[in-house]
Amino acid sequence: MTPSCLRILIADDSDSDRLILKTLLCRLGHRVQAARDGAEAVELFRREGADLVLLDALMPRMDGMEAAREIKSLAGDRLVPVIFLTSLSDAEDLARCLASGGDDFLTKPYNRIILDAKLKAFDRMRRMHEALAEQHALARERNRQLLDEQTTARRVFDNVAHTGCLDAANIRYHASPLSIFNGDVLFASPRPDGGLLVFLGDFTGHGLPAAMGAMPVAEIFYGMAAKGFSGADVLREINQKLKRILPIGMFCCGAMLEVDFKAGQIGIWNGGLPEGWLFRAGASPRPLPSRHLPLGILPPEQFRADLTAYPASTGDTVLLMTDGVLECQASDGTLFGEAGVRRCLRRRQQGEHPFDVVFQAMADFSHRAREADDLTLFSLDMIDRTGLALRPEPGESSALSGPSEWRCEYEVRGSTLAEFNPLPLLLHICMEVPGLRARSGEVYLLLSELYNNALEHGILRLPSDWKRSPDGFGQYYRERQRRLAEVSDHGIVFRLHHARKPWGGRLRVTCEDTGDGFDHANHPVARDSGPVGDGPRYAGRGLMLLKRLARTVTFHGRGNCVEIVYDWRLPSAPSITDGCPPPAAGGRDD
Amino acid sequence: MPIHTRLADDGDTLVIRIEGRFDFSTHQAFRDAYEHGGSKVDRYVIDLSDTTYLDSSALGMLLLLRDHAGGDSSRISIRNCNNDVRRILAISNFEQLFAIK
Amino acid sequence: MTEKPHLDEEALAELQDVMEDEFEVLIQTYLTDSRDRIASLKEALAAGDADAVARTAHSFKGSCINIGAPRLGDLCQAAEQAGKVADLARAQALMADIEAEFAVVTGLLEGLSVR
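Chains as they are written, first to last, in full-length UniProt numbering: chain A, 1 to 590; chain B, 1 to 101; chain C, 1 to 115.
Bear in mind the hints are in silico, worked out from the structure with no lab data behind them. Check each hint, because a few of them may be wrong.
Simulated DEER-style distance windows between Cβ atoms [stated by the list, open to error]:
1. B:H4 to A:A281: 51 to 61 Å
2. A:H556 to B:S74: 30 to 40 Å
3. B:E95 to A:Q475: 24 to 34 Å
4. B:D9 to A:G223: 50 to 60 Å
5. A:R506 to B:Q96: 43 to 53 Å
6. B:D23 to A:A139: 16 to 26 Å
7. B:D23 to A:A339: 30 to 40 Å
8. B:D9 to A:T151: 45 to 55 Å
9. B:Y53 to A:E92: 46 to 56 Å
Chain B residues, not near chain A, derived (Cβ > 10 Å throughout) [as the list claims (entries may be wrong)]:
10. H4
11. R6
12. S39
13. N80
14. R87
15. K101
Each computed DSBU-like pair below joins lysine-lysine, with the alpha-carbon atoms no more than 35 Å apart [said to hold, decoys possible]:
16. C:K84 to A:K118
17. A:K22 to C:K84
18. C:K42 to A:K22
19. A:K72 to C:K84
20. A:K72 to A:K120
21. A:K227 to A:K241
22. C:K4 to A:K118
23. C:K42 to C:K4
All residues carry an ideal CB built from backbone N, CA and C; glycine is no exception.
Please take these sequences and the hints and turn them into a complete structure.
The structure is reproduced here in structure tokens:
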């Protein structure tokens, strides 16, 4: 069919008019079907279709206007131009023709040139419409495929980036519905020491590219957090990974929150997220502003991962958010902004939870906020969790093959003390012991208490009582960092020895540092009497923990060497009586 | 066009001025602006005096420019930010990468 | 009403050009058609159906204009108007003019087609 040849349906009750029009159109190169009235025209259109329809306005049986409506509805999404043939001269009648769905009219007597021009114009319009409809259908199909793919990707992503322990009672969050990936990620994982690690991230862009970037972040986070790596370790790893895999221009704004319930403190790192908030009883809310570039921009050697520490005790709350919160729009286009967050927090009444306050203010500000799928709001309440909290890892614990009789020595020296945390490695060695995996929380706690005391008090000589006042707390961590950077001739040696026992096993750990030691003979724990207060080295809490978990705690030398003996028993083993600690609670205590 | 460029300092400096919203819709125009700036250019000035809004994809574009201009050795200054724009740059700590005036 | 010519020579010339060999068929079709319409008009008048008068006059008008008989077309339009306002007496009066004019047009067209 040549481009100018159209299939045209005409309807006119006048035989002579029909003959004239049919001949005219045939001469112009079109194929013509002729009907005597509206009903016949509709029937012909239903049977044969047409590219274009010419209808006499007034006809017996069914007039042109009604036929136009029928034909338009039969054509559906297709554009079939309908032109009225008329000798109507009344403007109102002409307007009625167009209102009934006609696209134009042609007055009698017919003019060949005008007829040809109109047909060409409508043919162009028809083709354009067809092309658009085709593109539209294609776009719709592509979009459907894309959504399918994203939904699948989302499912894969959710398997990797499971919600961890976000269901804990002291955690609240509002995050995107589980449909399409919007670029926000929120992970939380218990740490072996009973603490908690939380990562909130916001990738530039959304959809598949953002999900691709988020996947390794989830793997790194959950993999490292459970093994006892610190928030800083995890951040370094995430940054390095993202720097390597993300194209330039794509990055991840994020915040890492490390919670130590037992020590009553949090550590926060904020790179590019809106300021978070720390709410403490009796104090005004403290902003936790972004102090770092987002993740995935700086090369590892320039990246700074140190968390800022703040004291936080039971009842205190940490609030974090992505910038979707700030970008909530009122109907007049104004943004909620940091000012909106500050405003509602200022007006917070006693007893109101900060999460509710911000969420409600956001919803009041913008009606869209409730359904918004591009924002994340998160809060964590500090709870009393001095006991042990880590759930034993499911499965695996019954594997009874593996080393159970061994000894090893591991020394960390010089500047490595500032750069490297040996605890995950030591924990990993211990976890190879069949059956001991179920006790990973206790073992990690023992190792970390020994290590932190050796490092912070033995070598860095930081007085633990500084941490008791808010000013001293900051000073403690500033000094820790400063002194750590200057450490050169010091070292810490771990000696680990494990022996199998009929009821389980015995782990003996000696931790020796090159510091000056202390007068352990007069330390309350050494005398093993009375309530345990703060000594010059071991803070009361730390010692109490060691004593609670270990069968014995012994100081050697000038007080720079601590030895603990930790007995553990298999769940099926007969109970032992002599000084073995009561089995730690298996569940979580929140 | 919401993006205007001109050469200054004998062609050493390329001044890119962004009007209105600096977001993903300006992606191609912004890229064209610095890629066709001229071979002599070794300094960039991003003039945001007429920029009303800037989003994270704009931050990404600034990082792309920084990479194009030599990464750590690039010389890029960002000027005349309004308060909203400055706050967004500050939250992301971009002053560590760019001279923001 | 200004008196239009019985036939529009220009329109007819164009029709002849378009229709070529079928011009004669067209003329015969028009004449047969028109006779039917005049009969219908008379029936409608006899029945006192003003609507039918208007509709039939309207259709008749269209084909007259198309064939190039403008004076007859004008008479039909006048009848259509009379029908619309239900002025059957006026329509009855116009009927005689229409028949007279149709006789003239028939003569002229038949003369044309044998030429």
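Now for the hints, and whether the structure bears them out:
1. B:H4 to A:A281: 51 to 61 Å: With Cβ atoms ~54 Å apart, the hint holds.
2. A:H556 to B:S74: 30 to 40 Å: violated, 57 Å
3. B:E95 to A:Q475: 24 to 34 Å: Given range 24 to 34 Å: holds, Cβ gap about 27 Å.
4. B:D9 to A:G223: 50 to 60 Å: Since D9 of chain B and G223 of chain A have Cβ atoms about 51 Å apart, the given range 50 to 60 Å holds.
5. A:R506 to B:Q96: 43 to 53 Å: holds, 51 Å
6. B:D23 to A:A139: 16 to 26 Å: holds, 22 Å
7. B:D23 to A:A339: 30 to 40 Å: Once the Cβ atoms are compared, 21 Å apart, the range 30 to 40 Å for A339 of chain A and D23 of chain B is violated.
8. B:D9 to A:T151: 45 to 55 Å: holds, 53 Å
9. B:Y53 to A:E92: 46 to 56 Å: holds, 51 Å
10. H4: Per Cβ check, H4 of chain B is outside 10 Å of chain A; nearest 22 Å; holds.
11. R6: R6 of chain B clear of chain A: closest Cβ-Cβ about 24 Å, beyond 10 Å.
12. S39: Holds: least Cβ distance 22 Å, greater than 10 Å.
13. N80: holds, 21 Å
14. R87: It is violated; R87 of chain B is separated from chain A by about 7 Å at its closest Cβ, not greater than 10 Å.
15. K101: Answer for K101 of chain B: holds, closest chain A Cβ roughly 19 Å.
16. C:K84 to A:K118: At roughly 32 Å apart (the allowed maximum being 35 Å), K118 of chain A and K84 of chain C satisfy the hint.
17. A:K22 to C:K84: Holds, because 31 Å separates the two Cα atoms, which is no more than 35 Å.
18. C:K42 to A:K22: Within the cut-off at roughly 30 Å; holds.
19. A:K72 to C:K84: Judged against 35 Å, a Cα distance of about 30 Å means the pair holds.
20. A:K72 to A:K120: The hint holds at about 20 Å.
21. A:K227 to A:K241: holds, 18 Å
22. C:K4 to A:K118: holds, 29 Å
23. C:K42 to C:K4: The hint holds at about 24 Å.
Violated hints, listed in ascending order, are 2, 7, 14; each of the other numbered hints is respected by the structure.
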